[in-house]
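> Read off the chains here:
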Amino acid sequence: MTAVCIRSVGAYAPAFRIEAEEIAEVWGRFEARNIESKAVPDADEDALTMAASACRRALEAAEIDGNDVEWLGFATTTPPLAEEELTPRLASMLGISERAHLQTFTGSTRAGTRAIHSAPSACTALVVASDCPRGEPDDARGHAAGAGAAAFVLDPNGAGSVVEHSEYAAPYPGTRFRRTGSNHIEGIDVTKYERQAFTETLSKAAEAVTADGVTAAAVQAPDGSRPYRAASTLGVERTTIHECATVHELGDTGAASVPLSLARAIDDGHETVLAAAFGSGAGADVLRIEVNGAIPCDCSLTGDRILTYSASLRQQGEITSSGLDTGAAYVSIPSWQRSLPQRHRLVAGRCPDCGALTFPPEGACSGCQMLVEYDPIELWGPGTIETVTEIEQGGAPPEFAAQQARSGSFGVAIIRFERAGERVSLPGQLIEAAAVGDRVVPVIRRVYTQEGIPRYGTKFIPEIR
Amino acid sequence: MPDAYLIGAGQSDFGSFPDESYRSLFATAYENALESVSNELRPEQIDEAYVGTLGVGGRQLGLSGPAVTEHVGLDGVPCTRVENACAAGGFAVRQAVMAVRAGMADVVLAGGFEVMTDASSEAIRYWLGVSGETEWERLSGTTFAGVYAQMARAHMDAYGTTREQLSRIAVKNHHNGAKNDHAHLQFECSLEDAQSASIVADPLTLYHCCPTTDGAACALIASEDVVDAYTDSEPIRVAGVGAASDAIGLFQRETYTGIPASRQAATEAYTMAGVDPDDLDLAEVHDCFAIAELLAYEDLGLCERGESGPFVETGATELDGEIPVNTSGGLKSKGHPIGATGTGQVVEVFEQLSGRAGNRQIENPQYALTHNVGGSGGAAVVHVFERDGPRDEGEKQTEEST
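Here the protein sequences come in this chain order: F and S.
The numbering of the first sequence is our numbering, which starts it at 25 and goes up by one.
The numbering of the second sequence is our numbering, which starts it at 1354 and goes up by one.
Among the hints, erroneous ones may be present.
Some chain S residues close to chain F (C-beta under 7 Å, calculated; not the full set) [said to hold, decoys possible]:
| # | residue |
| --- | --- |
| 1 | E1488 |
| 2 | G1494 |
| 3 | T1495 |
| 4 | V1553 |
| 5 | L1559 |
| 6 | L1672 |
| 7 | D1673 |
Here chain S is said to cover these stretches of chain F; the calculated rule only asks that three of the stretch's residues, wherever they fall, bring their Cβ under 8 Å from a Cβ of chain S [what the hints assert, rightly or not]:
| # | region |
| --- | --- |
| 8 | 406-415 |
| 9 | 444-451 |
| 10 | 467-481 |
Sample of chain F residues with no beta-carbon within 10 Å of chain S, all distances over it, derived [claimed, not checked]:
| # | residue |
| --- | --- |
| 11 | E45 |
| 12 | E46 |
| 13 | E60 |
| 14 | S142 |
| 15 | C147 |
| 16 | N181 |
| 17 | Y192 |
| 18 | A255 |
| 19 | T257 |
| 20 | L325 |
| 21 | S334 |
| 22 | E423 |
| 23 | A425 |
Hints in this document: simulated from the structure, not taken from any laboratory.
As the structure is a prediction and not an experimental result, all values here were calculated from the model.
Just so it is clear, CB atoms sit at the ideal spot from N, CA and C, and this is done for glycine as well.
With the rest of the complex left out, here is chain S (with noise of 0.2 Å):
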């Protein structure tokens, strides 16, 4: 079973684009990911394409996939759209390793791609709001900061987890975002803003929830056979992948105070990896809304359960912390345009190991993490990228040698 690697990615600026389509915002993130192969990758190479997706502009269409690889010119590609709600993207990466390791391609493009800021707020609603769990728990008029809510009202009666702990996962995130120029929200955050926001659903404010957003973002998985055609050293390797579904509504779960398929995605790719989350340089996490990243910490293995929201406050997970979380500022600044985030957070981690991460780069990264989130956790998905080479002296050689 051949490995795949991370050959190259990219993505458009996430935000809100009037005058761009669906399309031309996916033509920008394929042009840069072919861009960032550090030798020519064309076209006709590819030879196979997975696109994360939910809706487009609040409508539906049934060729959603092929509709942006024939208008970048991939007829004659086979192309598969990929709807696992806010984890398109994410499982989308997962069937490009898959087809790799299958031996059924050597080169496979996983895209992702969304409109959503072209539609009223309540087709917004209504596209988001299909995601969870339609007939009871969305019919008793929750929304999805509604459940997220509920998770972080649970948390916070559980571990004694605050408001405050929340805001500093906006203030951090808004500060990375602001380093990055394909964020959606390029803008600092103080702790107070976050705090005093007005409520969407207690206890989360506005800045504790993501935006709604526009984007696209390519990812380019190669084989082994193949990997040395593209890169030239020290290239990425796909050293884990895990993946997990779990009840769509949050009442029919074991725990409102973590989600239990982040969980189990995290533990199958930590072991096919070979790692531990020690190893980890740094990690992009689904945080569509605050509680999200806390309960990722604790999912992933980053902190001990119920301990996420003192982990926070060490400044742990900074930029320049002991593993760093959402350096491209996450879903909260970045941006959450559904079917490109999984497929964007690959792009952070792609710049960051291999050094193209500019003022928000870490020093030296050797393994990093995705973790795509769908719904309120009804799927998830969790990859570990490898860098090959030498790890420089540093924190984790440290740890490691001790």
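Here chain F stands alone, though its shape is the one from the complex (with noise of 0.2 Å):
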């Protein structure tokens, strides 16, 4: 059977931390072994959101776009929807083929490896792991808790190679596990059986990989002890495990957990990665990576944002309201469904007749006002800052208020687009303030939850981050 090969590697965490010290003074200690800070989404971000990122990253690293896809993985324990395939939406924000073959992996923190190991190794695939676990503020499993993404792009001509992979799985439940309907993992707390558990499996799927040469260790870390427990059984270094952990910074996340770690292996230039994921319940895998040639990547892990507990706590919504389900501007699902190119790739018309770009892509055109059919040109790229405001707190339309609650006041332009020697504007809201003439870029975020349908489009935030 052919190796799954890595072409390219995308990655992606919040830029917001909050740091153990801090969550320390509030609750007089911090249960969370040996993590420094760990990366708190943003109020209008989650899995999803994430998952666009790290993949955005990894195709333009690969200088691929999205219709070069065949395969999409999407591995998370935290899908933002219980039910609902999320991968089409993922794919539209992507540009992917619909005729690519989609794919969720999710139930487990294993799933991110389980997604590199299922993609086919014939064709271009992009696996992406995106996961922000939460847990009960006083517990150390709500004390780990993190987030981030990490995205491979998988085609035969990658220089990195899947060359061994074992996986083992024995019955263990109560381990780590998240009830339905529940936002918060729990576990029993029976620390023998939950090492035993982890390092039982592990050591089970590492005895048919190779470890010879392994230089980094990509370890399942709900904290930043547990995965060294498992270096004698991998038969791996700690310091090797050290060398690629996202654990202490980032801290738990989640299935992204050992793809961001492999993430950080192959950007930091290491040739022979273990990848070893557990998933409670239980089950593990174990995959030998080896690098043959350069491997592009786009990592962006850290993050300079750093929140007060308490403002961890209302951008986390743990002490805000949801917000009114009424009052929203009513825009109904399928108009939103219509306008997604629009929402999720900044797709403008470009009139046939005179050129001149339209946003969005509907009625008389901008420049000639006839009506048209548009060539469309996708706008997705650095803007300029035409117009700005900030809409201050309590001010925010209904739809906004608990976006509001949370993350505060934000900014709202008008973002002026120039392609092919046309121009064409379109209003946004800001992620961090911007100043007229600044150049921001789209990213996917939450817009607002309507009929409890999260619905995704683009905001913006400075070119410079």
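Put the complex together from the two separate chains, hints included.
Below you can see the structure in the form of structure tokens.
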């Protein structure tokens, strides 16, 4: 069987961090061992938006676009909806063909490696693991819970090969679980039982994988200590695990934990990497990856926006209302669906007669005022702020009230895009403050939730980030 | 084509009235309008009605026009609801003028009403929000204040307009509104008050924004064929009418420092009336936000483009200035009950041109303008009113003679 090959890597973590000391000051203790800080999603971020960001990076690093992707795998334990296929939305955000094969992996922190292993080796595949687990604020899982996403473009020409893979499963119910309808992970906190499940499954899976020459080991990290307990059973040094560990600054990233560390290892130039994922219940995957050549990477894992504890609670919605489900501007789901190319990829229209750009591409041409059939043209990329204001706290439209309660006032702007000698402007919300003349780039974020359905679209962030 | 005349106008108080309904407010405005006609106008002499409203207390009624006309005993009179967001009332007046000029009616009631203060702040933001571009502008998180704030910022960047100049609009309009018994906010504010108030959407402060208001207003439009039956002397002619619509979203327009629909509507109204901005004696303009009044100065030709900031500083638009603007207090002080705003502007013009404006009466006006904007400029309607009869000796006449 042909090996799955990694062609490029993209990784993303939210810009916000909360430091362990800050949590310890509030609770008198910090129960997530060996974690210095963790990433906190913005109020309008979730597993899907982080996945889109990581995937964009991986595609750009590979110098391909979504249309080249034939297979998409999306791994997460925290899908924004408990039941609904989310990969079509992710595919739309990335411009992946409607005929591509789409697959979701969930229900376990092992989902990321399951997705990598499951990808077909003979075509261009895109695999992303994205997760933002939550725990109770006063327990170890809550203290550890972080966020992040890692994506890999896989195709036969990739320089990184998954040369060995092994898995092992044994029934260990209750080591980590999330009840139906709950957002918070739990555990039975029987330490010896949990450690046994972790080490037994990993060690059994590792028996069939060669550890010789491994210089970095990406190991499942529910906290900053657990992965190191598996070092001996995996046949690697503790320093080898530390070499690419992301848990210490990002926290427990669930299904993205191992893929994120793998992304860091490849980005750092390691040529032989072990990836060892554990999923409670319990099962493990161990992969050996060998790199023979350059793998372009675009990993954005740093974060400089430090939150206080109360701000982090507010941002995550722990101490704010979810907002009323009334009063929002009603745009029906079918209407929204028709605008997805614009929401997800900023597809404008180019007039075939006069060349003027129109956004959204419907109705009379903004240049010649004729009713024409537009040629689609993507505006995705930098734009320039033409005019901007700040919607102050309490003044947001109802559909943004919950977001504003969680993340405070936000900027709105008109942004000018120039393509092929033509200009077009559109309104956009700013993720961070920016001024007239600043360049901003689009990102996918949750716009609002109506009728229980999260709606995703484009917001903007300063280009320098 | 018969000329149209304004033979009467009246309004309810504008404000917050928990004990009033939209019907009772309309009835008050209607009765006041009837009483304002010099000679008796009986209800059965009204041929047609147009009523402007956006939403009734945040609700949507399918027949909100007939709901108020039947309430005041106008059963049998064809009534059409007119809805063009904040310009609903102004467009109702335009419909009335069109009906008269078309020869379809001799006397037409143009009314407007809104009840806004009995809805939650969320419901109000909804109702205001739907008057803008919903799918893209609104869903980028922008409010009406946000859209006008972006216009203000663009104007500041382009022309050096200052927050102090914006604040002068609030000071002036509160000064005028304090003299108007019908106004919602009958208090004066200082420049310091206006500048230091909390920010709503930078650079707009709370004092740069109009209130949400309950109220109703009615105007009575008559054909030249019958005008003499209702007026003693110097009837007020609707000399010019102009209207235009435009892209609803600011981002879809050619400029962020003006409202093209206002400009087009004004040009049309001036041309029809055969007057220039210099001929005007007063204007009631749409000042939902302070920047809107500055933009109106430029769009209506009261000053050059980009000069509205320095223009307001000259005092030209104050009650005793060269061209008083918003003698009623405007939307800022008098209030902005959406559907009633445009007809309310006509009430002020009627009172000024007929010498009934009390302690805010300006001296011997002959030409007056109303300017009503829907949304953030998706629609605009401008009327020029002319009081028949000679001007007394005064500044305008001096200008004309020279």
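> For every hint, state whether the structure bears it out.
These are the hints, each one checked on the structure:
A hinted interface residue such as E1488 (chain S) counts as satisfied when its beta carbon comes closer than 7 Å to some beta carbon of chain F; here the least separation is about 6 Å, so the hint holds. For G1494 (chain S), the shortest C-beta to C-beta distance to chain F is roughly 4 Å, which falls under 7 Å, so the interface hint holds. Residue-level restraint check for T1495 (chain S) holds (minimum Cβ-Cβ distance to chain F is 5 Å; threshold 7 Å). The beta carbon of V1553 (chain S) is positioned within 7 Å of a beta carbon in chain F (closest approach about 6 Å), and the interface hint is therefore held.
Hint status for L1559 (chain S): violated, given a least beta-carbon distance of 10 Å to chain F, over 7 Å. Violation of the interface hint for L1672 (chain S) is found here, the shortest Cβ-Cβ separation to chain F being roughly 31 Å, above the 7 Å cut-off. The beta carbon of D1673 (chain S) is not positioned within 7 Å of any beta carbon in chain F (closest approach about 34 Å), and the interface hint is therefore violated. Counting residues of the region 406-415 of chain F whose CB falls under 8 Å from any CB of chain S gives 6; the rule of at least 3 is met.
Restraint check on the region 444-451 of chain F versus chain S: 3 residues with Cβ-Cβ distances below 8 Å, three needed, restraint holds. Counting residues of the region 467-481 of chain F whose C-beta lies closer than 8 Å to any C-beta of chain S gives 3; at least three are required, and the coverage claim holds. Once the 10 Å rule is applied to beta carbons, E45 (chain F) is consistent with being away from chain S; the minimum gap is 34 Å. The beta carbon of E46 (chain F) sits about 29 Å from the closest Cβ of chain S, which is more than 10 Å, so the claim that it is off the interface holds.
Even its closest Cβ contact with chain S, about 34 Å, leaves E60 (chain F) beyond 10 Å, as expected for a residue assigned away from the interface. Consistency note on S142 (chain F): stated as away from chain S, and its beta-carbon is indeed over 10 Å from all of that chain's, at 36 Å minimum. Every C-beta of chain S lies more than 10 Å from that of C147 (chain F), the closest at about 37 Å, which supports listing it as non-interface. Every beta carbon of chain S lies more than 10 Å from that of N181 (chain F), the smallest distance being close to 40 Å; the non-interface claim holds.
Y192 (chain F), annotated as away from the interface, keeps every beta carbon of chain S farther than 10 Å; the closest lies near 48 Å. At the 10 Å boundary, the C-beta of A255 (chain F) stays outside the reach of chain S, the nearest C-beta of that chain being 48 Å off. Non-interface call for T257 (chain F) relative to chain S: holds, since the shortest CB-CB distance, roughly 51 Å, exceeds 10 Å. The beta carbon of L325 (chain F) sits about 28 Å from the closest Cβ of chain S, which is more than 10 Å, so the claim that it is off the interface holds.
S334 (chain F), annotated as away from the interface, keeps every beta carbon of chain S farther than 10 Å; the closest lies near 23 Å. In this structure E423 (chain F) is not separated from chain S by more than 10 Å, as the shortest Cβ-Cβ distance comes to only about 7 Å. Against the 10 Å criterion, A425 (chain F) falls within the reach of chain S, whose nearest CB is about 7 Å from its own CB.
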